[in-house]
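Novice: Dock chains U and H against chain C, hints included.
Protein chains in written order, with the numbering used here: chain C, 2 to 99; chain U, 3 to 203; chain H, 29 to 553.
Among the hints, a few may not be true.
Said to hold, decoys possible - According to the in silico footprint, chain U covers these stretches of chain C (three or more CB under 8 angstroms from chain U):
(1) 17 to 26
(2) 45 to 57
(3) 62 to 75
(4) 81 to 94
To be verified - Taking lysine to aspartate or glutamate pairs in the DMTMM-like style, the calculated list, with each CA pair at most 20 angstroms apart, reads:
(5) C:LYS14 to C:GLU70
(6) U:LYS16 to U:GLU26
(7) U:LYS177 to C:GLU70
(8) U:LYS83 to U:GLU26
(9) H:LYS372 to H:GLU517
(10) C:LYS14 to U:GLU173
(11) H:LYS440 to H:ASP522
(12) U:LYS14 to C:GLU10
(13) U:LYS16 to U:ASP169
(14) U:LYS16 to C:GLU10
(15) H:LYS483 to H:GLU471
(16) H:LYS443 to H:ASP370
(17) U:LYS14 to U:GLU26
(18) U:LYS107 to U:ASP169
(19) H:LYS372 to H:ASP522
(20) H:LYS372 to H:GLU471
(21) U:LYS177 to U:ASP11
(22) C:LYS75 to U:GLU26
(23) U:LYS16 to C:GLU70
(24) U:LYS43 to U:GLU173
(25) U:LYS43 to H:ASP336
(26) U:LYS177 to C:GLU10
(27) U:LYS14 to U:ASP169
(28) U:LYS114 to U:ASP130
(29) H:LYS518 to H:GLU471
(30) U:LYS83 to C:GLU10
(31) H:LYS518 to H:GLU36
(32) U:LYS14 to C:GLU70
(33) U:LYS83 to U:ASP169
For the record, the hints were derived by calculation from the structure and aren't laboratory data.
All C-beta atoms, glycine included, are put in the ideal place defined by N, C-alpha and C.
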Amino acid sequence: MEGKSAVPEIHIKSYFTYVYVWIALLLLLAATIYVARMNFTSFSVLINLLIATVKAGLVLAFFMHMRYEGRFLKGMLLLTLVALTCIIALTFSDVWYR
Amino acid sequence: MQVVEEKRDYTKAKYGMWFFLFTEMLFFGGMFILYSIYRSKYPHDFHLGASQENLLYGSINTAVLLTSSLALAVAVLAVRKGRYRFSIFLQAATVLMGGIFLVIKYLEWSEKISRGIYPNSPVLLRMDVGEIIFFGLYYVMTGIHGLHVFIGMIVISFMVYFTATGDITSENYSKMENTGLYWHFVDIVWIYLFPLFYLIT
Amino acid sequence: MEDTMADESFYREKGFRSWIMSTDHKRIGIQYLGALLSFFSIGVLLGLLIRLNLIAPGLIIGQEAYNQVFSTHGIIMIFLFIIPGIPVAFGNFFLPIMIGARDVAFPRLNRFTWWLYLTGAAIVALSLFIAGGPPDTGWTFYAPYSIRTSANVGLAVFGVFILGFSSILTGINFVTTIHRLRAPGMTWFRLPLFVWTLYATGWVQLLATPVLAITLVFIILGRVFGVGFFDPSRGGDPILYEHLFWTYSHPAVYIMVLPAMGVISEVVPVFARKAIFGYKAVAYSALAIAGVGYFVWGHHMFTSGMSDTARVIFSFISFLVAVPSGIKIFNWVATLYKGSIDMKPPMIFALSFIFLFSIGGLTGLIIGSLAPNLQLHGTYFIVAHFHYVMFGGAGFAILAGLHYWFPKMFGKMYKERPARIGWLILFIGFNLLYFSMFILGYEGMPRRYFDYPPKYFFWHLVSTIGSWILAVGLAIIAWNLIRAVFRGEKAPMDPWGGRTLEWQIPSPPPSENFGEIPVISGEKD
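Next comes chain C alone, as it looks inside the complex (with noise of 0.2 angstroms):
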């Protein structure tokens, strides 16, 4: 029955907090679009893949408030991406070794 009976608390309180994950996601755009220039071949891909999914958490953990969700939430949240990605898997397995 928790947080039925009052307002839940500020978790973040400085609109600076936000400004300063934006500057770090503009970064991240940046640094993305560079490796995608320089040839790293079949690595780049990965790699901003990688950054992708960074800026991805990062929007997860402040702009939508993860970061102070419950373990529920949280645990959801990563078995519905583990369930996508087993679909993934799955279909793979037959489209690999067709």
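Specialist: For chains U and H alone, kept in the frame of chain C given last:
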């Protein structure tokens, strides 16, 4: 008992929104499945296709969407702090940035269409099969993402109205927070679409 | 006492508007039930027509019409009846009551799902009647045929998309309700098992249905804009369509069957006069079925040209699903052991569920293993198997639930004798109808065929006669219940001796369920 009942359950609304976002993840997930499989099948064609994308447009759009997310995140915090006018300003700015995103998307699409590249076009059908798939995925994934942006703009416009009329307050902000979650999710989808379509050259 | 209760009943408000705009979960549940049973009747009639054709191919309907009839039968039965099925009717009515809440978490969203459901149904119905003709693809809409055919597949697919959206929102609503609205003291392991299965089902609806949605969008885009994701001449891969489709449609089987198992888990202990054997095992096995069932879709595709590696993996995982399903069966049977069994109508239906579902489940193991599957795939064996699971399983559970909760929903008692007679006729007809199909399939009769060599005639004839008997049984059951709605005797608060919360309040329940939210104490532990 009655007293507890009449109090607002903030967690309930938040859970509902997150569950909806989980379904959205799998909805877009279906498209990412197709993308990953076809890319592993036609790496070279995808490479060629991506080199015809306009990196400048794509980069600007990413920056615009990230900035709009910042504006909305701050707008939600502003509502909770009771600074409604500031929040309305930021929400309006978010809608505006969503609009800029769509305009740039429109320019990008019309440039391609003028070159004859769109699904089922004679020019596209003469290309290699992998490129047909690449541009098919490009139009479908950015199109459905654009639709989500458009829906988000409408929803945020309603939030501007609700904040102005006092429906949304620092005590009753669930609508606002959920709108924020949705918008940030749409942002995350774009964060992945950007490298997949513009950067794999 | 009784009279004041009748005044507070949620039926008290009269008039059309008070029903169609109501956000009362009980009224929405009743409306869903009415719609479901209407679509079920149409589906049954189409099924009878299919059977009729098969004893005299060509005399009654033509080949084109036959394709359209079996496709429509499938689409209606699957998407309009059995997938929404138990959650929207019984779940809506009883979930809030069973956890001690006044309504679901989002009552207006609940109302919205009903409108979406009706819209989706109307669009599907429209696709049957406008120019172009009903879909002739079967309910699976396999690409690339579904993208090329001139029938109204686009419209039907759009209708199913909307139905899927309705289903997702119901899932979100139920999961949130179970998390946030349990009465004080209603801990997770005091939840009735029906609620547990609705919880597991809710997650499957949440995480599987969107995959169907995007697949259907691909079909529409393929038809309208020529996006060739599944067209080999444009680099597409038709088998990927099957992957995406079954990624939803196999878990959808558990959307149908899990809540059915929940109904049985309620009925069996009440009429065995015992607490359920292994409560936690039954609860966890619901989650296990939902979880494992998510990753077995490939067993629908063994003959599609999928890789051997994938076939072995999927066959293996499919066998794993049998474990939690088996746990449930054992627990029900163990509950019966040394119980004081009272063969009331709900119990008869529940016991026949256990019997028929076991046949469906065990034949599932036969076709889940690779070698027999290659022989039996695409034959009547499959048709028999899934009718034993869907109708013998989910369908009989709906009948069990209907007879169990009828007094609570309508405040009236039905007559027991006609219910028993109806059950007997239905049970005989059912087994004649579908068991013959196992034999036909084993002998090699392919499914969806309009005509066949004479050697199959005998079992087709038995099957068709079975379909008539089954229809008589259903008619008796329906007549008995409809009669009871208008002329039944007044039902007491707890006619069966049930121990869950819905039996602690008047029949029919008052509009906010509880005068005061109950506090649950740990007698059950």
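Novice: Would you mind marking each hint as holding or not holding in the structure?
Specialist: Evaluation of the provided hints:
1. 17 to 26: n = 5 at 8 angstroms, threshold three: holds.
2. 45 to 57: holds (count 8)
3. 62 to 75: Our answer is that it holds, as 4 residues pass the Cβ test (under 8 angstroms) against chain U, meeting three.
4. 81 to 94: n = 8 at 8 angstroms, threshold three: holds.
5. C:LYS14 to C:GLU70: Judged against 20 angstroms, a Cα distance of about 16 angstroms means the pair holds.
6. U:LYS16 to U:GLU26: Holds. LYS16 of chain U to GLU26 of chain U sits at ~15 angstroms (cutoff 20 angstroms).
7. U:LYS177 to C:GLU70: 18 angstroms, holds
8. U:LYS83 to U:GLU26: 30 angstroms, violated
9. H:LYS372 to H:GLU517: 17 angstroms, holds
10. C:LYS14 to U:GLU173: Answer holds: LYS14 of chain C to GLU173 of chain U is near 16 angstroms, not above 20 angstroms.
11. H:LYS440 to H:ASP522: Holds: LYS440 of chain H and ASP522 of chain H sit about 12 angstroms apart, inside 20 angstroms.
12. U:LYS14 to C:GLU10: Roughly 16 angstroms separates the two Cα atoms, so the pair holds.
13. U:LYS16 to U:ASP169: 18 angstroms, holds
14. U:LYS16 to C:GLU10: 14 angstroms, holds
15. H:LYS483 to H:GLU471: Status holds; Cα separation ~10 angstroms.
16. H:LYS443 to H:ASP370: Judged against 20 angstroms, a Cα distance of about 16 angstroms means the pair holds.
17. U:LYS14 to U:GLU26: 19 angstroms, holds
18. U:LYS107 to U:ASP169: 33 angstroms, violated
19. H:LYS372 to H:ASP522: Satisfied, since the Cα-Cα distance of roughly 14 angstroms is no more than 20 angstroms.
20. H:LYS372 to H:GLU471: 39 angstroms, violated
21. U:LYS177 to U:ASP11: 12 angstroms, holds
22. C:LYS75 to U:GLU26: Roughly 16 angstroms separates the two Cα atoms, so the pair holds.
23. U:LYS16 to C:GLU70: With a Cα-Cα distance of about 10 angstroms, the restraint between LYS16 of chain U and GLU70 of chain C holds, given a limit of 20 angstroms.
24. U:LYS43 to U:GLU173: Outside the cut-off at roughly 53 angstroms; violated.
25. U:LYS43 to H:ASP336: Given pair LYS43 of chain U, ASP336 of chain H holds - Cα atoms ~19 angstroms apart, limit 20 angstroms.
26. U:LYS177 to C:GLU10: The given pair, whose Cα atoms are some 17 angstroms apart, holds under the 20 angstroms limit.
27. U:LYS14 to U:ASP169: With Cα atoms ~18 angstroms apart, LYS14 of chain U and ASP169 of chain U stay inside 20 angstroms; holds.
28. U:LYS114 to U:ASP130: Holds - the C-alpha atoms of ASP130 of chain U and LYS114 of chain U are around 17 angstroms apart, at most 20 angstroms.
29. H:LYS518 to H:GLU471: Violated, at about 52 angstroms.
30. U:LYS83 to C:GLU10: 11 angstroms, holds
31. H:LYS518 to H:GLU36: The hint holds at about 15 angstroms.
32. U:LYS14 to C:GLU70: 13 angstroms, holds
33. U:LYS83 to U:ASP169: 15 angstroms, holds
Violated hints, in rising order: 8, 18, 20, 24 and 29; the structure is consistent with all others.
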